[in-house]
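2 protein chains.
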Amino acid sequence: MSDQQIVLASRPKGMPDASTFRVEVLALPDLNEGDVLIEPTYFSVDPYMRGRMNAGKSYIPPFEVGQPLAGGAVANVVDSKFDGLKAGDLVTGSLPWATRSVLPGKSLKKIDASLAPPSYYLGILGMPGLTAYFGLLDIGNPQPGETVVVSGAAGAVGIIVGQIAKIKGCRVVGIAGSDDKIALLKNEFGFDAVVNYKTAGNLVDAIAEACPNGVDVYFDNVGGEVSDAVIRNLNFHARIPLCGQIALYNETDVPMGPRIQPMLLTRSVLMKGFTIGNYQPRFGEGMKQLAAWVGEGKLHYKETTVKGFDKLPEAMLGLFSGQNTGKMIVEV
Amino acid sequence: MSDQQIVLASRPKGMPDASTFRVEVLALPDLNEGDVLIEPTYFSVDPYMRGRMNAGKSYIPPFEVGQPLAGGAVANVVDSKFDGLKAGDLVTGSLPWATRSVLPGKSLKKIDASLAPPSYYLGILGMPGLTAYFGLLDIGNPQPGETVVVSGAAGAVGIIVGQIAKIKGCRVVGIAGSDDKIALLKNEFGFDAVVNYKTAGNLVDAIAEACPNGVDVYFDNVGGEVSDAVIRNLNFHARIPLCGQIALYNETDVPMGPRIQPMLLTRSVLMKGFTIGNYQPRFGEGMKQLAAWVGEGKLHYKETTVKGFDKLPEAMLGLFSGQNTGKMIVEV
Numbered sequence: 001m002s003d004q005q006i007v008l009a010s011r012p013k014g015m016p017d018a019s020t021f022r023v024e025v026l027a028l029p030d031l032n033e034g035d036v037l038i039e040p041t042y043f044s045v046d047p048y049m050r051g052r053m054n055a056g057k058s059y060i061p062p063f064e065v066g067q068p069l070a071g072g073a074v075a076n077v078v079d080s081k082f083d084g085l086k087a088g089d090l091v092t093g094s095l096p097w098a099t100r101s102v103l104p105g106k107s108l109k110k111i112d113a114s115l116a117p118p119s120y121y122l123g124i125l126g127m128p129g130l131t132a133y134f135g136l137l138d139i140g141n142p143q144p145g146e147t148v149v150v151s152g153a154a155g156a157v158g159i160i161v162g163q164i165a166k167i168k169g170c171r172v173v174g175i176a177g178s179d180d181k182i183a184l185l186k187n188e189f190g191f192d193a194v195v196n197y198k199t200a201g202n203l204v205d206a207i208a209e210a211c212p213n214g215v216d217v218y219f220d221n222v223g224g225e226v227s228d229a230v231i232r233n234l235n236f237h238a239r240i241p242l243c244g245q246i247a248l249y250n251e252t253d254v255p256m257g258p259r260i261q262p263m264l265l266t267r268s269v270l271m272k273g274f275t276i277g278n279y280q281p282r283f284g285e286g287m288k289q290l291a292a293w294v295g296e297g298k299l300h301y302k303e304t305t306v307k308g309f310d311k312l313p314e315a316m317l318g319l320f321s322g323q324n325t326g327k328m329i330v331e332v
Numbered sequence: 001m002s003d004q005q006i007v008l009a010s011r012p013k014g015m016p017d018a019s020t021f022r023v024e025v026l027a028l029p030d031l032n033e034g035d036v037l038i039e040p041t042y043f044s045v046d047p048y049m050r051g052r053m054n055a056g057k058s059y060i061p062p063f064e065v066g067q068p069l070a071g072g073a074v075a076n077v078v079d080s081k082f083d084g085l086k087a088g089d090l091v092t093g094s095l096p097w098a099t100r101s102v103l104p105g106k107s108l109k110k111i112d113a114s115l116a117p118p119s120y121y122l123g124i125l126g127m128p129g130l131t132a133y134f135g136l137l138d139i140g141n142p143q144p145g146e147t148v149v150v151s152g153a154a155g156a157v158g159i160i161v162g163q164i165a166k167i168k169g170c171r172v173v174g175i176a177g178s179d180d181k182i183a184l185l186k187n188e189f190g191f192d193a194v195v196n197y198k199t200a201g202n203l204v205d206a207i208a209e210a211c212p213n214g215v216d217v218y219f220d221n222v223g224g225e226v227s228d229a230v231i232r233n234l235n236f237h238a239r240i241p242l243c244g245q246i247a248l249y250n251e252t253d254v255p256m257g258p259r260i261q262p263m264l265l266t267r268s269v270l271m272k273g274f275t276i277g278n279y280q281p282r283f284g285e286g287m288k289q290l291a292a293w294v295g296e297g298k299l300h301y302k303e304t305t306v307k308g309f310d311k312l313p314e315a316m317l318g319l320f321s322g323q324n325t326g327k328m329i330v331e332v
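Read top to bottom, the protein sequences are chains A and B.
The numbers in full-length UniProt numbering rise by one with no breaks, and the one at position 329 of the first sequence is 329.
The numbers in full-length UniProt numbering rise by one with no breaks, and the one at position 318 of the second sequence is 318.
Next comes chain A alone, as it looks inside the complex (with noise of 0.2 Å):
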């Protein structure tokens, strides 16, 4: 079977659907000195790859119309005329959504997969698991006793985020969408309290309820109205970690809400935003406490995997209607 690729085949207004993904036969190049040509087992969709699909600077660059969409991908290598790597080894990277790819090799990092399954490097070892760990540590600051209020609690980065807070001493409360995750949070993962935003009635209520002691740090992974009702709970100085909105991803017009700086003010409130490149150099440190804390079985794992390269489309479409729990990933 020949090779494939999808690739954007327009921006989208609002919501993506099938008509911005388009599947095309792909003639992939002769190895030159330095490439590798490798074959995606595992890819994963991330709600950050919607803000690549818009026009215009941001902290990372835009998708190009009839280019390939790309994302973080485990790899077998099939051939190499690079240094550093040979047929067999596993990589991981940013890859192109193709079934197989030439790239130079030094875009590839080599992982080891009797540390943990593969997939885990595109999860809990990658970056939904630094993006909690730094998140949450760095900026949140969380002290054993204090209530950590988490967004998008099911999520790829959610569940990692509620975990290492537990591991920290605090009181747990997640926000997810639907009683099977609620369940799931509370059941295995430990949450103390899990509020369902899509069933609770009165949200700031809901929250007030779940967090008798105040809110002291709120990592926001989804923003508008399910952050609105945080915010009217924090304590004197409360941190927000701020690492999604994608309540907000698809919104074509500026979105509006409540003004938010009056409360952060009067509460000396800390709010950051944050990309996990901002934490590079840091790295090691973090993969190797992630790691530990698996190995202790401290910090438990989830995945929702999708079968077949073709199903990528359908898979990053069901981040937005939260068809996850825990990261979403595409076997190929």
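Simulated from the structure, these hints should not be mistaken for laboratory data.
A hint or two may mislead.
Given that identical chains are not distinguished, each listed pair holds provided it fits within a single copy or across any two copies.
Below 20 Å or equal to it, Euclidean Cα-Cα: the simulated EDC-like pairs (lysine to aspartate or glutamate) are [claimed, not checked]:
no., residue 1, residue 2
1, 57, 209
2, 57, 205
3, 168, 83
4, 166, 138
5, 109, 79
6, 13, 64
7, 81, 253
8, 302, 253
Assemble the complex: chain A is given as a structure, and chain B must be docked to it using the hints.
Frame of chain A, contents of chain B only:
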């Protein structure tokens, strides 16, 4: 003439007016052991006092209806049964709006009028000076060559923020609301550029033009649409000390505006609310540095003085229409 006090007649809904205040005759109590009889000479009126007119918990208790308003003031000691103070001493503290008061001596702080004019202890060597100093340096962390924008630039805090930012080697851009203020900030206080938010037209563009290298620090005294426009011009890793939101203090509904979290997120921006009380352990350090800069002629000071005890309400209302340039002071 009998003593007088000014009490909160009723809690204002929206903008306060003359009916918010009531002048009453005051019968002073006897002086008990530990008490001091004082006669205020200068009162400070400040935007934060509007918040104290509302009921409900904040970082500072509300004024009570029928009770005197209170605020920063300088006073002469007339009589004393307190060991640390004697008649003729000059003191500062949070004092009731009264022509004379009997207060516990321990609630007053003696000041040295040989170092600076007494009213300076309500401004550059008092709460506004310390607010500018800690908010800008501790949260804003301005670096040489960076661009610092300050809103409410001609106000008590803003005019000091701009000068400290210049001392730190920054390009300083002020936002103010009259041509007189703009001329003053440029010609007497060394601001590199000043934007008149009332006449600028498209404020986003006007700020972009005044900040060709973007905005690294935004010291926010006002909130609302002025802040919306600055936030559109932030650089990656910008910092926002949230000091005041005077544009919103008289709103009766929850103010709405464009959601700012997506911008803070994609640009890794830090926003932090603060009140000067957070820095109490470091007041000595701040006072010393501010006094040194004043002594070296690096930091200039500006007051708008209104004369007469009965003008206190008018002076306070004037803050909301920008009547003051620099610190608003009422001289008794």
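At most 20 Å between C-alpha atoms: does residue 57 with residue 205 qualify within a copy, between copies, both, or neither? Classified as between: cross-chain Cα gap 17 Å, same-chain 39 Å, threshold 20 Å.
Since the copies are identical, ignore which copy is meant and state whether residue 81 and residue 253 lie within 20 Å (CA to CA) inside a copy, between copies, both or neither. For residue 81 and residue 253, neither the intra-copy (48 Å) nor the inter-copy (66 Å) Cα distance is at most 20 Å.
Can you tell me if residue 109 and residue 79 fall within 20 Å by alpha carbon in one copy, between copies, both or neither? Cα proximity of residue 109 and residue 79: one copy only (15 Å, versus 79 Å across).
Given a CA cutoff of 20 Å, do residue 168 and residue 83 count as a within-copy pair, a between-copy pair, both, or neither? neither (42 Å within a copy, 50 Å between copies)
Cα distance capped at 20 Å. Does residue 13 pair with residue 64 within a copy, between copies, both, or neither? Within one copy, since 15 Å is at most 20 Å while 53 Å is not.
When Cα atoms must be at most 20 Å apart, do residue 302 and residue 253 count as within-copy, between-copy, both, or neither? neither (34 Å within a copy, 43 Å between copies)
Within, between, both or neither, where residue 57 and residue 209 count as close if Cα-Cα is 20 Å or less: Answer is between: at 19 Å across copies they meet the 20 Å cutoff, but 41 Å inside does not.
When no copy is specified for residue 166 and residue 138, does a C-alpha distance of 20 Å or less occur within a copy, between copies, both, or neither? So residue 166 and residue 138 pass the 20 Å test inside one copy only (16 Å; across, 31 Å).
When the structure is compared with the earlier hints, violations turn up for hints 3, 7 and 8 and for no others.
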